[in-house]
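Visitor: Residue-level listing of the chains:
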Amino acid sequence: MDIGLNHFLLVSLLLFSIGLFGVMSRRNVLVILMSIELMLNAVNLSFVTFSQFYSLLSAQVAAFFVMTISAAEAGVGLALIVIISRKWPKRNFLFERDPEKEKKY
Amino acid sequence: MEILFIFFSALVLYGGLVTVFHRDLVVSALHLAGSMLALAGLFFILGAHFIAGVQVVVYAGAVMVLFVMVVMLFDLKKEDSVLFSKGLWPKIASLFFLIGLIAGILPLSLHLFQPLAAQVIEPTSTKELSRLLFTKYVLAFEVLGVLLLLIAVGVAVLCRSQKNVTTS
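Chains A and B, in that order, are what the protein sequence lines are.
Sequential numbering from 2 applies to the first sequence in my numbering.
Sequential numbering from -2 applies to the second sequence in my numbering.
There's no promise every hint is true.
[As the list claims (entries may be wrong)] Listed below are several chain B residues computed to face chain A (Cβ distance under 8 Å; list not exhaustive): (1) Val15; (2) Thr16; (3) Val60; (4) Leu141; (5) Val143.
FYI, nobody ran anything at the bench for these hints, they're computed from the structure.
Backbone N, C-alpha and C define an ideal beta-carbon position, used for all residues, glycine too.
Here chain A stands alone, though its shape is the one from the complex:
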């Protein structure tokens, strides 16, 4: 078996869909942030794969930028989570559905 382009793409695809499932179906905001990191990592893997197989160096620069921006995004997201949990200590970061409030709208 020879490891080729589509093996790496398949790993990247599976990782992306695991992250997408986490974003769409978990309730905890911290886990949702981690799933977003998973999706960004999957995209990075496909960038680097294409850059190596087609010898495009610009794709690696793009992967580098994606890493920087995801670090910034994690910082802001965690700060917001800290503020939310400080203001509403009882129902922190669980988006509870209130059926009575939903009826009003």
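Based on the hints, put chain B in the right spot on chain A.
Guide: Chain B alone, transformed into the frame defined by chain A:
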């Protein structure tokens, strides 16, 4: 090469699955860190040595430490009574998305795979990469520096305690 690829990709997918499905936040964050380290191994197999090093330093060294520190320091670690949100449509939607992606990507990549099979992956030289980064993409690089400064100041302002805000 094949054994290393299978090992690292299995580790990446296992870490991702445990991150999404585990109940405990600390276990989940640590498995995410392990998944990122294994992904750095995949980058190393691909020959992108600089990106692999940045992955280890930035993700496993900075971002995951930030996650674990927030979980432990601010005591956000509470057991979820219900792990997943109600409603079936997000799960069904993500399943259909996965099926669509696989159906879209498989013919394309099988088509691409044939002429490239004999091609050997050569490691990129970090010199070329840095030359590209500091000539063609230097504007984006500087903008990213400004963005990081902005993020640092913004997070510091956001996380001040409420008492300081009212007195100042």
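Visitor: Against each hint, give a clear statement of whether it holds in the structure.
Guide: Results of checking the hints against the structure:
Here the hint on Val15/B is broken, as its CB sits about 10 Å from the closest CB of chain A, past 8 Å. Annotation: interface hint on Thr16/B holds; nearest CB of chain A at approximately 6 Å, less than 8 Å. This hint holds: Val60/B has a C-beta 5 Å from the nearest C-beta of chain A, less than the 8 Å allowed. At a threshold of 8 Å, the smallest CB-CB gap from Leu141/B to chain A is about 5 Å, leaving the interface hint in force.
A distance limit of 8 Å between C-beta atoms decides the matter here; for Val143/B the minimum to chain A is near 11 Å, and the interface restraint is violated.
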